[in-house]
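Enquirer: Residue strings, one per chain:
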Amino acid sequence: MKKNFFLLMSILIFSLLNAQTAEVAESDKIIGIWEVGSGKARVKITKYGDKFGGKIVWLKEPTYPDGNKKVDKNNPDETKREVPLLGYNNLLGFSYKGKAEYAGGTIYDPENGNTYNCVIVLKDDNLLEVRGYIGVQLFGRTDNWKRVVLKEK
Amino acid sequence: MKFRLLLFALFFSSIGLSQTTLDTTKTQEEDFSMYADVVEVPSTNKSKIYCSQKILGLSPSKLISFGFDFVGANSIEMDTIGSFSGNTANIKYNNGIRFSANFPVVSNNKMILSLGVNYLDFKYVKSSSNKELVPLSEVLNKNGLRSYGINGTIYKPFNSKLFGILQLAADHNSAGKIDEFHENGLKYSGAIIFGCKPNDRRQYGFGVTQSYRGGALNYFPVILYNYTFKSKKWGIEMLLPARANVRYAINPRNLLFFGFELEGNSYYINSMVTDYNFGFKNLQLHRSEIRPRFTYEFSIYNFIWMSIQAGYRIGYKFNVDNVDYKADPVIMDNKLGGSYYFNISLNLVSP
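As given, the protein sequences belong to chains S and V, one line each in that order.
Under the numbering used here, think of the first position of the first sequence as 2, with each following residue one higher.
Under the numbering used here, think of the first position of the second sequence as 12, with each following residue one higher.
Please note that the accuracy of each hint is not assured.
Stated by the list, open to error - With the C-beta cut set under 8 angstroms, the calculated list includes, among others, these residues of chain S facing chain V:
1. L87
2. E130
3. D144
4. V149
These are computed hints drawn from the structure, not numbers from a lab.
All residues carry an ideal CB built from backbone N, CA and C; glycine is no exception.
Using the sequences and the accompanying hints, generate a full structural model.
Expert: Here's what the structure looks like:
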């Protein structure tokens with residue numbers, strides 16, 4: 002009787018832990034390097050704590066015509082206008098909601114200095130649908146990001 | 012004993028698996044130059060990639076707009092009608108409010124469907140120097156012109172470059188009070204455009220429109236052209252024949268425009284049918300004007316923008332037509348004089 006109880010418990014614990022692992026693995030599919038729809042930037046999405054976020058790791062045009070590195074010059078906060086765009090955390094605070102959807106975060110658009118609410122859907126392992134919006138999701142626009150991987154040297 | 016070993020093995024293997032997964036999330040010190048050399052991983056998703064309607068640097072579209080319009084002193088050379096001889100109506104000023112709201116009801120990367128409402132009124136305050144006036148002056152002074160309606164716009168991308176736009180509108184335009192509805196005041200307009208967005212700084216399209224911008228009902232070819240120069244400081248926003256603007260961006264939240272708008276409509280003049288015995292059943296005022304102007308649009312707070320516009324109004328058409336008699340419909344061939352004008356509006360803009 003006692004042996005059966007321990008067997009049952011062990012199977013239960015094993016199942017729970019593996020289910021959690023599977024969910025972690027599922028949610029982590031978003032992690033990686035993504036190229037935005039215009040092809041002008043690449044964003045690396047990582048996990049910090051139980052949230053997901055991303056930063057700009059590549060720009061097609063990383064400098065201004067005068068050779069200076071691009072900075073966040075359109076930020077409404079004047080103190081941040083000298084922050085380099087390369088390495089800028091433009092995706093913040095996303096939680097995995099199940100069904101390949103990440104929500105609750107924000108996306109920052111350095112082109113105009115606006116921060117939007119954002120929902121991200123992993124259409125498949127290599128395609129993201131990123132929707133920035135204000136208030137409700139209807140007031141927004143969608144961009145498709147493609148997964149890229151580093152070339153093997 | 013074997014059983015307990017099994018239990019421990021199961022337990023730690025689970026922890027081991029989850030830790031391996033979590034380990035991949037650790038942020039590492041990065042050399043950004045490494046991200047220049049990448050390869051795309053093909054998507055297995057059958058869904059296509061569609062072009063968005065937005066281009067870089069384009070002024071934000073207005074979801075909700077509430078504005079005030081003012082036109083300075085001007086005159087209208089009124090033609091003879093019936094026993095009323097022609098005269099010049101001196102207008103002290105015109106003013107009115109403009110309200111429009113456009114809400115996307117379907118918005119995804121495959122299609123955007125927006126529905127909207129609009130209201131516009133335009134008052135004619137006559138100058139005290141006027142003496143004998145023709146009926147049209149009295150009607151305008153009493154009621155002004157009023158337009159309200161609904162509209163719908165579909166933006167449909169076909170692939171990553173080609174798109175179509177379909178716009179339909181139904182308005183009620185009259186020189187009567189807001190509760191005076193008449194079927195002769197109903198006007199339907201629309202446009203269809205097929206276009207291409209070769210890159211994120213350029214968008215063009217061609218189509219046809221059924222419109223009252225010229226005063227009477229007309230069919231125009233439409234040219235859409237939006238372009239942002241590489242510097243992102245300058246741009247062109249054009250939807251001919253309705254409007255064209257050259258844009259200068261002080262920064263993305265402060266935009267200057269210089270251009271023009273062709274504005275017009277056809278209004279049912281209720282009072283001239285009911286209060287005067289001219290024998291016409293459907294008299295329409297065909298108003299059309301060209302407005303060259305400067306515009307300054309800027310963000311007050313996040314997505315709340317203000318627009319200040321000043322320019323000159325050139326009268327193009329101000330006829331009264333008996334639309335039941337198509338062979339020679341013009342009853343009054345009036346001439347609308349020019350005047351300076353300004354407009355100020357508060358807007359909630361789209362992302």
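Enquirer: For every hint, state whether the structure bears it out.
Expert: These are the hints, each one checked on the structure:
1. L87: Where the cut-off is 8 angstroms and the nearest Cβ of chain V is about 5 angstroms from L87 (chain S), the hint holds.
2. E130: Holds, because the Cβ-Cβ distance from E130 (chain S) to chain V comes to roughly 7 angstroms (cut-off 8 angstroms).
3. D144: 7 angstroms, holds
4. V149: 4 angstroms, holds
Of the numbered hints stated above, none is contradicted by the structure.
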